[in-house]
Amino acid sequence: MPTYHLKTPISEDEVRKLRVGDIIYVTGIIVTARDAAHRRMLNYIKEGKSLPIDLKGGVIYHCGPVVRKTNEIWEVIAAGPTTSARMELYEAEIIKNLGVRIIIGKGGMGSKTAEACKYYGAIYTVFTGGAGALAANAIKKVRKVEWLDLGIPEALWIFEVENFGPLLVTIDTTGRNLIAEVIERAKAKREEVLKKLGIT
Amino acid sequence: MWFIANLNNSSLISCYKDVEIVFKSILINLFLVYLCAVVDTSSISSDLEYFANLIEKAAIEALTKATIFLPPDVKNALKKAYENEISESSKAQLEAILRNLEVAEKLRKPICQDTGLIIFYVKVGYDFPAIKVIEKAFVNAVKKATIEIPLRPNTVNPITGKNPGNNIGRYVPFIHWEFVEGDSLEFIVVPKGGGSEAVSILEFPPPGEGLRAVKRVVIDAILKAGAKPCPPTIVGIGIGGGADIAAILAKKAAALRPLGTENPDPDIAKLEKELYEAINSLEIGAMGLGGKFTVLDVHIEYAHRHPATYPIAIVFQCWAARRASALIKSDGTYKVYQ
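Which chain is which? The protein sequence lines are A and B, in order. As numbered in my numbering, the first sequence has no gaps in its residue numbers, which increase by one up to the final residue, 200. As numbered in my numbering, the second sequence has no gaps in its residue numbers, which increase by one up to the final residue, 1338.
These are calculated hints, taken from the structure and not from any lab test. Backbone N, C-alpha and C fix where the C-beta goes; we use that ideal spot for every residue, glycine too.
Label pairs and their in silico Cβ distance ranges:
1) D54/A / L1327/B: 51 to 57 Å
2) L1098/B / T70/A: 27 to 33 Å
3) A188/A / G1208/B: 24 to 30 Å
4) K46/A / N1166/B: 33 to 39 Å
5) L42/A / Y1171/B: 28 to 34 Å
Assemble the whole structure, with the sequences as input and the hints as a guide.
Here it is in structure tokens:
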């Protein structure tokens, strides 16, 4: 599998070169956002308010970390991805309005996100679901936390990362969506599998 | 006892002897009973305090163990899946999972950042001396473990959206009680992840469809869940009872039963195997990237049903099938194990 190392901020050209199946590692800044943070971002966009962090060329990570604060310093204990499907409602608008280039999550995203990735130049990548300790190891520092009023899992955690990955590209800018393809193939086998189980 | 015996005695003799003597003896005995009560109460309350601390300690240890180490049966199943996987991308995911387990153990960090909603499955002996302190000890243990391990604060009020920040809330930690013979307390703590829970289902097909409905519902649930519950998963299937019972059985089947165990009922064991093979032939694979292992195991549990209903519940357990047990004996010793 072809492997690439990217540094934030990431340009549109860089992500347009990547394809489904490629492995990438990210160095620089990644920002966590789950459902509540996505909703607030969209409200800010609607009201014309500026976000606490510029996401142009940026990376959004679907993640609600385990963190600990000692002497005013936040330490990341575990920080694997959360199920991305919940953010399908918002992600296309986020990509369109904020110029985000990479989404990291798990479990795949739908056609609206895939279309936005194709049109505006962004990719969706997966980090192994549940691998929270492994992910925390690549996070060097918490640069800042915003919107902590949403609760620890839902806040915007701004992480400094080094070679964060491996991230597998599953939605690229050509319109391919690997996980959706796998599930479609599985669905196509439904009748055959049920028949084998004695259901006609 | 003395008091009652004395009353009986005194009532017999009071007809013949001086009432004053009887009255005195009653008073003396009352005083003795009072003294005993004082002594007993204090020893009971210190016993209770001792057990409350012990249960709390054991629960924190069990929760720590469950959060950081996977039980050996789950780890073996993941290793086996890694060794037998041929799809490159799925194998890479299984490799990352195994590497993650090593990192978590080495650094004593939670395996997954979703440290779950905490559930206790309790088997308590009728003669266990401190039943009344168990619930409070669990609540205290969860509060402390949240800071010590630490755990992610996961309890959110569904009405107000507020998160108290300590993993405690209405009905949480949830405790399933079972009373058994004996004087020990045994419990399993399960930090149940939300991603796999979110794709659980409950259906009531026409009873006439019978086991065929079970097979159809399971296959459709797997297809609907896709990559969301962090495959390879353990699928728990609860059949019968009612809505609540089917769901409890499904969750127990998914979260508690060790992997690689054969169902004692040969017909159900056969059905489990049949479903395991059928699901894995869909080739959803680890994290939905295509591969041989969509599930690590299929576990079925049932209860008798009402003639008019055929409840089927399906609960998914992600690959991070975390659980740990503790046994607390009435002599004040305990052990924590997986």
